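J.: I would like the entire structure built from these sequences, with the hints used as guidance.
Positions -17 to -1, 1 to 274 (mature numbering (1 follows the signal peptide of the UniProt record, and there is no 0)) are the ones given, in order, by the sequence shown.
Keep in mind the hints are simulated off the structure, nothing from the lab. What you are looking at is a predicted structure, and each value in this text was computed from that prediction instead of being measured. One or more of the hints may lead you astray.
[What the hints assert, rightly or not] Distance condition first, Cα-Cα at most 27 angstroms in a straight line; then the derived BS3-like pairs of lysine-lysine:
#1 K131 - K121
#2 K19 - K47
#3 K131 - K117
[To be verified] Here are the in silico distance ranges between beta carbons for each label pair:
#4 P77 - A54: 19 to 27 angstroms
#5 G225 - G128: 19 to 27 angstroms
#6 T53 - R253: 33 to 41 angstroms
#7 K59 - E206: 53 to 61 angstroms
#8 T41 - F223: 57 to 65 angstroms
#9 V155 - R253: 34 to 42 angstroms
#10 E114 - E252: 34 to 42 angstroms
Don't be surprised by glycine CBs; every beta carbon is placed ideally from N, CA and C.
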Amino acid sequence: MWRSVLILCLLAVTAQCAVRRSVAVAVGFRENCFPKPSGGCKCDINDGSVDTMIEFATDDECKKPIEMVTAENKKKLGDEIHQKFGAFKDGCFPKPSGGCKCNVDLGHGEEVVEYSSDAECKKSVESQTAENKKELNKEIKEKFGDFKENCFPKPSGGCKCNEKDAHGNEVVTAYNSPSECRIRSKRDVAVGTQRQPTNVNQPQQKYRQRDPPSQNVRDPVRERAQANYAAVLDELHNKFKGLKEGCFPRPKGCLCVIGKTAEGRDITERRMKDADCKCKEGERGPGCPAA
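T.: Written out as structure tokens, the structure is:
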């Protein structure tokens, strides 16, 4: 008999905790805070190994700050909008009831066409792949396109440059700032040059014209820098060459879109081997159309 009573008590306590937790979430309370039946609220505060119950006369002390609630709601809404409408075609707008309306040019002016399925509103996987590749190539060009010829990027940022020290020895210098890796413009050079005052008497010096460098002299540092730069470009090109349609590169392997759910959301698959991400020579099939 006493066992049954104990079990019933435990069930009642568990149910009460579940109700308190759900109520706290519903009214935006902080974690471990819940309302009191008589008004106000209570909070369980853990200070190291000691649990303390603190009571407050009003609910305001237990609720999340309005800034936190607003930020959480904005993040949820932003994620939902991006997930639902991030891949919509240009000129297409969602309908409250589902689907979308698109401005379509049928040859005699634009018309508004309605679609009931989100899949008809979104860009094709091939189109998304092409856009992502274009954006990535643009980003690579912006980051590394104006690097000095003897400099190449580091994975952690900045670059390494093959240079010569004051004694003519070949050295590799690492720079953490991308500005030190890029070719300096004429304006930067002019700003960095300090002008001499015109009223200062400077000793007259005789200058003779320097002979132009011989074209037959090899520069090992320059040649090695060119080889390193070419190797970086080859690695980037090989990373994207032959990728299957709907597959996007990752630091290791790729992420591929293999289908859609009934709601029109992408189904993705993580592949760790490059062989599973790229089309083999002469391969034809899903993701590998005929050349």
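J.: State for each hint whether it applies.
T.: Comparing the hints with the structure gives:
With a C-alpha separation of about 18 angstroms, the suggested pairing of K131 with K121 holds against the 27 angstroms cut-off. Distance hint between K19 and K47 is fulfilled; the C-alpha atoms sit about 17 angstroms from each other, no more than 27 angstroms. Distance hint between K131 and K117 is fulfilled; the C-alpha atoms sit about 24 angstroms from each other, no more than 27 angstroms. Under the hint 19 to 27 angstroms, the C-beta atoms of P77 and A54, about 24 angstroms apart, fit the expected range.
Look at G225 against G128: about 24 angstroms separates their beta carbons, and that is inside 19 to 27 angstroms. For the hinted restraint 33 to 41 angstroms between T53 and R253, the CB-CB distance of approximately 34 angstroms keeps it satisfied. For the pair K59 and E206, the beta carbons lie near 55 angstroms from each other, so the given range of 53 to 61 angstroms is met. Distance hint check for T41 and F223: the Cβ-Cβ separation is about 59 angstroms, which falls inside the suggested range of 57 to 65 angstroms.
The given range of 34 to 42 angstroms is respected by V155 and R253, whose C-beta atoms sit roughly 36 angstroms from each other. The hinted window of 34 to 42 angstroms between E114 and E252 is violated, with their beta carbons roughly 20 angstroms apart.
Comparing the model with each earlier hint shows a violation of hint 10 alone; every other hint is respected.
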